[in-house]
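Trainee: Listed below are the residues making up each chain.
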Amino acid sequence: MHRRVRIGVLVLIFLTIATGCSKDNNILERAGYVRTVGFDAEKGDMIRVTVNIPIIIAEASETQQQEEIFSKIVRSSKEARILMQRKTSRKMVSGQINTILFNEELSRRGLWSHMDTLLRDFTISKRTEIAVVEGAARDIIETHLPGHSRTNQYIDRLLKKEFENQTLPHVLLHHFCRDYFDEGRDPITPVLTRSDKDLEVNGIALFKKDRMVGKLSASDIFYFSIMYHDQNRGEFTLGLNRPELYSISFHAINNSTRKTISKTPEGKYRVEIKIDIHGGITEYIGNLKMSTSERAELEQILSRHIEEECNRIVKKMQQLGVDSIGIGQHIRNKVSYKEWRAFYKDNYIQDMDIVVHTSFKVKNFGNFFY
Amino acid sequence: MAQEKLHRFSIAMLIFNTQAGVVQFTLPRTIATYFGTNGWIILILVYLIVALNIMLINAVYRLGKGKSLFDILQGGLPRFMLIPVYLAVGSLFALIGCLVVKQYVLIYQMIIFPSTSDLMLKIFVDILIFLFVTKGIYNMSKANLLMVFILLAIVPSGFMMLGDFDLLRLSPYVFKEGRDWLKGFASVYAAFMGYELSILLFPYAEKNNKWLKYVHLGNSISLLIYLFVALLCYGFFNYHELKYLSFPMLDMFGYMQFPFVERIQNFIFSLFLFSIIVTSGMYFWSSQQMYSAVLPKAPWKLLLFLIMTLAIGVSYIPKSLIIVEQWFDVLSLFEIGAAIGLPLLALLAILIQKGRSKRHAS
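Chains A and B, in that order, are what the protein sequence lines are. The numbering used here puts the first residue of the first sequence at 4, with every later residue one more than the last. The numbering used here puts the first residue of the second sequence at 108, with every later residue one more than the last.
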């Protein structure tokens, strides 16, 4: 018995040591963790891939933070990786990619062929953020913006914060692919742009399958978001040139959205989107008294205004033929398989009557009782 | 020392853990490919058929009055007829046992150790399985309880996905856009494979009929887990996307995020080693039982060693995952045959024996 235990221990020790013989080791100091990847359209079907690898160099008691940035014109992203590998002293790994940027031109050409590697590569997380940039992704990745943390971190944190505050629909690689495959919904991504020394979330890119076909401006994000999903946070501000409402800002926005489907006598689908919104006022410039029944008047003005804006965005989506808010999925759940097959075709959203109704309720008006 | 009997709960867990394994990682894709929209419903149908098959095995136990499968068969059929059956079924079990490991190792290699030899990884796992099986069925069932506990502890993490789950994506259609239902049926049926080994447990179980229900319990736990995984995948991704995901469950775990750790799919996949050891271990054990029936004098551990060594040799042939999956498709057809054929053969043996004893009596 004793001998067997001894042999067992020896085997265990051997196995433990033998695991070190594996060739698959990633030593932190020798690996270059790609954080941001940018794809830009180039002539022909070529693309420019730009990557950013932050590096920490520790010398004696001093640590330096630096970045390695590579850019190559190639056919595919993995080709770029192999070419860049020749320039870096580190082993490039993709496990830490947290942002992928596509420039607008490439997005309009179609992204799917560049998505292939993102889905195939096991090390790339489905939680990776993706965004469309106006201008060149390379410019954004290569420039260090003074006053901000390193660019890769800046983009990552900017998007994460926006998602968290629900001022931007939460769209990651997973959501993009999911909506790309599903019927009755088209994918979207945030749009980033450089404004002087800063980066800015500048709207939402609307995709038809993998091709970007249009863009909503930054001021439309709120109206789009409340149609896109229910949110329980978020803020928005609006100004009208009216004495009752010169400017108003809300926080703690809470909305619930219902989409009801019916059929018109002509056989068209009629979609009613009913949105109930609650929010707390953080600022109000206008001549109505919040503490009196005049509040109802303000709510009425807001409801009508939001309704108009939402209807405008729906019209725009219909013109572009994209169903970014997933109306198709609701229709699919209402009709038989045969009807759905007959209905589901390109630009199906154009054959529908879509009406948005909103009702806005002021939850509170803050510390100032007026 | 009298051989301790297997507790009926241990049997349930043993059956469950033999059934469940790497198949969960690919099952949602299989279902989506073959059965299309809301394909997860097929699991319930297959479960019911499997339950019938288990009842058939139970009938053998009841009619055979708790004798072992080999005693029953040899009581009614001549030995020269049985030996080819033993050899064929024994080899089939061994092949399945080894391909399970091969598949696991190939996935493991792909996601964690891309340039380490899969043969080496496989031998490491095989050593564990050999050690596991040589402890004997009673100790295997005890160890299995702990492994099942660890595996079931993963289940609650599935609830973290509910935030991204939407019933809307399930769609109201059932089995639309599927293809090759028969092939799909065989694949889903294969996911439940493992219950048929209960026919070899007769002499090790308690001497009453209670434990038979626990085989159904094990099978039901498998169903629940499969349903949970499949349903979650259908609502987390969508049916169209599922067809394109090699390992939907890994993708889903990859999406999970804790404040202190991200991308835990590698860790969770490593935990499934426990499931693989049991699945493969049970098949090798069964294989050894078959071979021991052919060569009753040979020491069983030596037999096991030889079987496993041979199996490693065979497993060296398929080099890629897709080929292993193809092998599995073929093997599972034979396995379905064995799962139904063995109890039928045993029933035949019982009938022959009864007929014979009646003639003797008259």
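What the hints contain is simulated information worked out from the structure, not anything from laboratory work. Be careful, since some hints might not be right.
[As the list claims (entries may be wrong)] Label pairs and their in silico Cβ distance ranges:
no. : chain 1 : residue 1 : chain 2 : residue 2 : range
1   : B       : I375      : A       : L15       : 23 to 33 Å
2   : A       : S79       : B       : F282      : 57 to 67 Å
3   : A       : D27       : B       : E313      : 45 to 55 Å
4   : A       : S64       : B       : I375      : 50 to 60 Å
5   : A       : R261      : B       : S427      : 48 to 58 Å
6   : B       : V421      : A       : G324      : 49 to 59 Å
7   : A       : K366      : B       : S427      : 31 to 41 Å
8   : B       : I257      : A       : S79       : 55 to 65 Å
[As the list claims (entries may be wrong)] With the Cβ distance kept under 7 Å, some of the chain A side facing chain B (calculated, not the full set):
no. : residue
9   : R181
10  : Q332
11  : K348
[Claimed, not checked] Restricting the straight-line Cα-Cα distance to at most 25 Å, the calculated cross-link-like pairs of lysine-lysine (BS3-like) are:
no. : chain 1 : residue 1 : chain 2 : residue 2
12  : A       : K341      : B       : K408
13  : A       : K129      : B       : K249
14  : B       : K242      : A       : K337
15  : A       : K212      : B       : K404
16  : A       : K341      : B       : K112
17  : B       : K404      : A       : K348
Model, not experiment: these values are computed from the prediction. Virtual Cβ for every residue (Gly too), placed ideally from N, Cα, C.
Trainee: Hint by hint, which ones does this structure get wrong, listed from lowest number up?
Mentor: 2, 4, 7, 8, 11, 12, 13, 14, 15, 16, 17
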